[in-house]
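Protein chains: 2
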Amino acid sequence: MREIELNSREELILEKLLELKKRSGSHSPSVNSLLEKIPEIKFKVDACFLSNPYATQLFLDYFEKEVLKGNKIREMLEYYPSQNNVIAEKLASFIGVDVENVFIGNGAIEIIQAIIHNFTKSKIIINIPTFSSYYEFVKPEVEVVYNKLLKKNDFNLDVESYIELIKKEKPDTIVLINPNNPNGGYLKGEQMFKIMKAARDVENVIVDESFIHFAYENSNYDFVSVTEFISNFPNLIIIKSMSKDFGIAGIRAGYAVMSKERSKLLLENGYLWNSNGLAEYFFKLYTQAKFAYNYQKVRIKYIIETNEFIKQIKQIKEIKVYPTMANFLLIELPEKVDLDRFTLMLLIRYGIYVRNANDKIGLEGNFIRVASRSYEENKYMIKVFKKIFN
Amino acid sequence: MREIELNSREELILEKLLELKKRSGSHSPSVNSLLEKIPEIKFKVDACFLSNPYATQLFLDYFEKEVLKGNKIREMLEYYPSQNNVIAEKLASFIGVDVENVFIGNGAIEIIQAIIHNFTKSKIIINIPTFSSYYEFVKPEVEVVYNKLLKKNDFNLDVESYIELIKKEKPDTIVLINPNNPNGGYLKGEQMFKIMKAARDVENVIVDESFIHFAYENSNYDFVSVTEFISNFPNLIIIKSMSKDFGIAGIRAGYAVMSKERSKLLLENGYLWNSNGLAEYFFKLYTQAKFAYNYQKVRIKYIIETNEFIKQIKQIKEIKVYPTMANFLLIELPEKVDLDRFTLMLLIRYGIYVRNANDKIGLEGNFIRVASRSYEENKYMIKVFKKIFN
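Listed in order, the protein sequences are those of chains A and U.
Read in order, the letters of the first sequence correspond to residues 1 to 390 in the working numbering.
Read in order, the letters of the second sequence correspond to residues 1 to 390 in the working numbering.
Accuracy of the hints is not assured; some may be wrong.
The list treats identical chains as one, so a pair stands whether inside a single copy or across any two.
Claimed, not checked - Cut-off 30 Å, straight-line C-alpha distance, at most; resulting in silico cross-link-like pairs (DSBU-like, lysine-lysine):
#: 1; residue 1: LYS139; residue 2: LYS44
#: 2; residue 1: LYS72; residue 2: LYS284
#: 3; residue 1: LYS42; residue 2: LYS72
#: 4; residue 1: LYS139; residue 2: LYS123
#: 5; residue 1: LYS301; residue 2: LYS21
#: 6; residue 1: LYS264; residue 2: LYS139
#: 7; residue 1: LYS90; residue 2: LYS21
#: 8; residue 1: LYS197; residue 2: LYS320
#: 9; residue 1: LYS69; residue 2: LYS170
#: 10; residue 1: LYS65; residue 2: LYS148
#: 11; residue 1: LYS167; residue 2: LYS148
#: 12; residue 1: LYS320; residue 2: LYS152
#: 13; residue 1: LYS383; residue 2: LYS168
#: 14; residue 1: LYS336; residue 2: LYS69
#: 15; residue 1: LYS22; residue 2: LYS284
#: 16; residue 1: LYS383; residue 2: LYS151
#: 17; residue 1: LYS69; residue 2: LYS188
#: 18; residue 1: LYS16; residue 2: LYS44
#: 19; residue 1: LYS284; residue 2: LYS21
#: 20; residue 1: LYS170; residue 2: LYS139
#: 21; residue 1: LYS387; residue 2: LYS151
#: 22; residue 1: LYS139; residue 2: LYS314
Derived from the structure by calculation, the hints contain no laboratory data.
These figures come from a predicted structure and were not determined experimentally.
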């Protein structure tokens with residue numbers, strides 16, 4: 001590939017973009033913010049957004065039919081949604097745990113905040129690179145031990161040395177995102193089990209399964225969740241965003257599975273009406289057998305297409321694609337590439353919005369994260385990437 | 001009025017209702033929960049729900065036209081909403097403060113929790129009866145001083161003795177709900193100002209103005225908010241639910257105005273994506289001049305009708321109506337009335353759902369809280385009440 005040169009108009013937009021990014025802290029600015037502040041951008045593919053577009057469409061089809069055509073939108077907007085435990089009730093039987101084990105969140109991020117603020121008292125081990133909120137929410141008095149995932153291991157966690165680190169550091173909290181964000185690194189069910197057994201003395205074992213629906217361990221594409229172990233491992237706290245599987249980030253729906261004592265403590269301190277009417281509708285739908293059946297179909301379709309996307313992108317010799325079990329790829333670009341200019345060029349010339357990963361702690365180098373989107377969008381991205389790096 | 005006798009079918013429903021209420025904690029079960037669990041109930045008027053139905057209709061008209069017909073619903077549900085400070089920006093200029101003074105909440109209740117958990121360290125004075133979350137969220141190590149509002153004063157706050165109490169107790173937090181819930185007692189702007197001056201040494205002066213849009217101090221129905229004093233009184237924290245003015249409780253929209261330091265501290269610890277796509281739309285709409293103009297019209301219409309409702313109910317000699325500047329009435333029933341049976345009778349025979357206030361701390365006796373609703377609904381309630389208490 002040639003070096004990237006921007007024209008003066010593009011340089012101006014770059015300035016605006018960097019300013020906006022600065023204001024967004026450690027998360028990418030949303031498409032809405034971008035469109036509002038930089039109307040020059042013509043979006044084609046939002047490959048920053050980590051979701052299954054087919055599941056979004058499935059949800060929207062139901063929403064259109066049941067809520068809009070069924071004239072249910074008024075009551076959904078007007079009345080107080082049900083309280084946390086009422087929504088938890090349906091979900092609990094669907095995922096096979098007791099209602100007291102379930103905590104409904106206003107998006108997974110609220111749950112991360114609640115857990116880190118309420119249960120982490122002294123020391124936390126966080127694997128990096130990772131989703132930044134886990135270390136951002138840590139209170140000042142808590143010691144953070146960063147466990148750096150190594151590039152030479154493709155950013156995969158080394159289970160043995162991780163267990164050694166736990167024994168040595170004696171943290172009260174560890175965090176495992178499975179598959180991990182931003183690289184998609186995956187720990188199999190048996191590896192998770194090994195860690196959980198070794199971490200019996202750790203008070204809080206947080207397992208963030210927000211991307212678990214994109215992983216699988218057999219030819220039926222079944223995924224393995226540690227949710228079922230909650231009664232054997234009372235220190236487990238499973239966090240699940242619904243925005244990844246369904247692309248409904250505007251609704252803010254997430255949940256956690258945790259010991260009854262923890263969930264009780266949180267609910268006694270607030271979080272009473274933290275869901276909105278649409279999130280309540282989503283969870284109702286999610287736990288219906290017919291919907292679950294239809295969702296499983298679009299889930300598998302998306303995984304198969306994502307695998308094809310990965311395969312195609314891997315053919316480009318000039319870039320390195322890291323192993324992933326999630327719906328995104330961590331890509332390392334050649335050293336000579338200026339990341340800010342490259343991502344802007346993708347956006348302004350091709351309408352492709354990818355995550356510039358240069359602010360991720362523990363990820364030194366030229367990395368971008370690219371989400372798998374619809375078949376057509378993936379095809380377009382493959383074409384553009386092959387053209388750029390021909 | 002005669003004593004209330006329920007038939008066996010009604011007694012059975014009463015049992016179900018009491019069970020449901022027990023599970024809802026210190027808040028009434030929602031209409032949705034009620035309808036789901038007790039399908040025997042035929043709702044006519046939800047007089048538990050403290051909102052201006054005309055404002056709900058106004059919002060829904062815009063929503064229908066702009067969002068549904070404008071095909072904006074997908075992006076609202078799919079994408080991440082803007083972050084806290086982006087939404088705060090528009091609101092700040094609308095209410096005349098700096099953006100750094102504004103904190104957007106997932107409903108006022110999230111803000112109450114955030115403030116009480118983060119800023120109240122040692123001692124809080126809470127006037128009772130009041131909205132229960134204020135004392136429910138207090139951490140165990142904080143001392144709560146309950147200032148009982150006296151029945152002989154019609155549950156109005158005595159400003160002089162309140163100031164004396166502050167000087168004596170030296171709390172780090174005081175809470176004023178203006179108008180107060182559940183009685184509607186109102187402190188004029190000058191009384192608020194007097195308290196604020198006397199409470200200069202109190203670290204956190206929480207003023208909950210969730211019902212302030214229903215109050216007024218002149219013939220133009222202008223209301224007086226203490227928001228404008230934020231730069232003079234850095235200890236002020238103003239909390240505002242939008243569910244009362246607009247009846248959009250399903251959306252979860254609220255905000256607070258506070259010192260820049262406080263808001264910064266909260267935002268550094270989370271609350272990044274605590275709004276949903278619909279709440280973001282609401283705030284955008286709320287701050288548009290044309291919408292504000294239309295809202296003002298339905299606000300005044302509702303106040304005038306509420307005043308008429310109060311006047312009519314006050315004519316019933318057998319009950320006592322307490323003075324109110326909010327959109328609800330605190331009503332004391334004759335001693336012989338069994339409250340649980342009375343409210344159930346209203347619900348099952350007349351479809352009127354009122355707030356049984358027997359669980360309110362500081363409110364001993366036979367109290368119900370009745371919301372003013374639409375003109376037709378108020379007319380119906382007046383008829384029913386006059387019939388019952390002929």
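Hint check results:
{"no.": "1", "hint": "LYS139 - LYS44", "result": "neither (40 Å within a copy, 49 Å between copies)"}
{"no.": "2", "hint": "LYS72 - LYS284", "result": "both (14 Å within a copy, 23 Å between copies)"}
{"no.": "3", "hint": "LYS42 - LYS72", "result": "between (34 Å within a copy, 17 Å between copies)"}
{"no.": "4", "hint": "LYS139 - LYS123", "result": "both (10 Å within a copy, 23 Å between copies)"}
{"no.": "5", "hint": "LYS301 - LYS21", "result": "neither (33 Å within a copy, 45 Å between copies)"}
{"no.": "6", "hint": "LYS264 - LYS139", "result": "both (22 Å within a copy, 15 Å between copies)"}
{"no.": "7", "hint": "LYS90 - LYS21", "result": "between (39 Å within a copy, 19 Å between copies)"}
{"no.": "8", "hint": "LYS197 - LYS320", "result": "neither (35 Å within a copy, 64 Å between copies)"}
{"no.": "9", "hint": "LYS69 - LYS170", "result": "neither (56 Å within a copy, 57 Å between copies)"}
{"no.": "10", "hint": "LYS65 - LYS148", "result": "neither (48 Å within a copy, 51 Å between copies)"}
{"no.": "11", "hint": "LYS167 - LYS148", "result": "within (17 Å within a copy, 54 Å between copies)"}
{"no.": "12", "hint": "LYS320 - LYS152", "result": "within (12 Å within a copy, 78 Å between copies)"}
{"no.": "13", "hint": "LYS383 - LYS168", "result": "neither (49 Å within a copy, 74 Å between copies)"}
{"no.": "14", "hint": "LYS336 - LYS69", "result": "neither (54 Å within a copy, 48 Å between copies)"}
{"no.": "15", "hint": "LYS22 - LYS284", "result": "between (38 Å within a copy, 23 Å between copies)"}
{"no.": "16", "hint": "LYS383 - LYS151", "result": "within (28 Å within a copy, 76 Å between copies)"}
{"no.": "17", "hint": "LYS69 - LYS188", "result": "neither (43 Å within a copy, 46 Å between copies)"}
{"no.": "18", "hint": "LYS16 - LYS44", "result": "within (20 Å within a copy, 54 Å between copies)"}
{"no.": "19", "hint": "LYS284 - LYS21", "result": "between (36 Å within a copy, 22 Å between copies)"}
{"no.": "20", "hint": "LYS170 - LYS139", "result": "both (18 Å within a copy, 28 Å between copies)"}
{"no.": "21", "hint": "LYS387 - LYS151", "result": "within (27 Å within a copy, 79 Å between copies)"}
{"no.": "22", "hint": "LYS139 - LYS314", "result": "neither (40 Å within a copy, 54 Å between copies)"}
Comparing the model with each earlier hint shows violations of hints 1, 5, 8, 9, 10, 13, 14, 17, 22; every other hint is respected.
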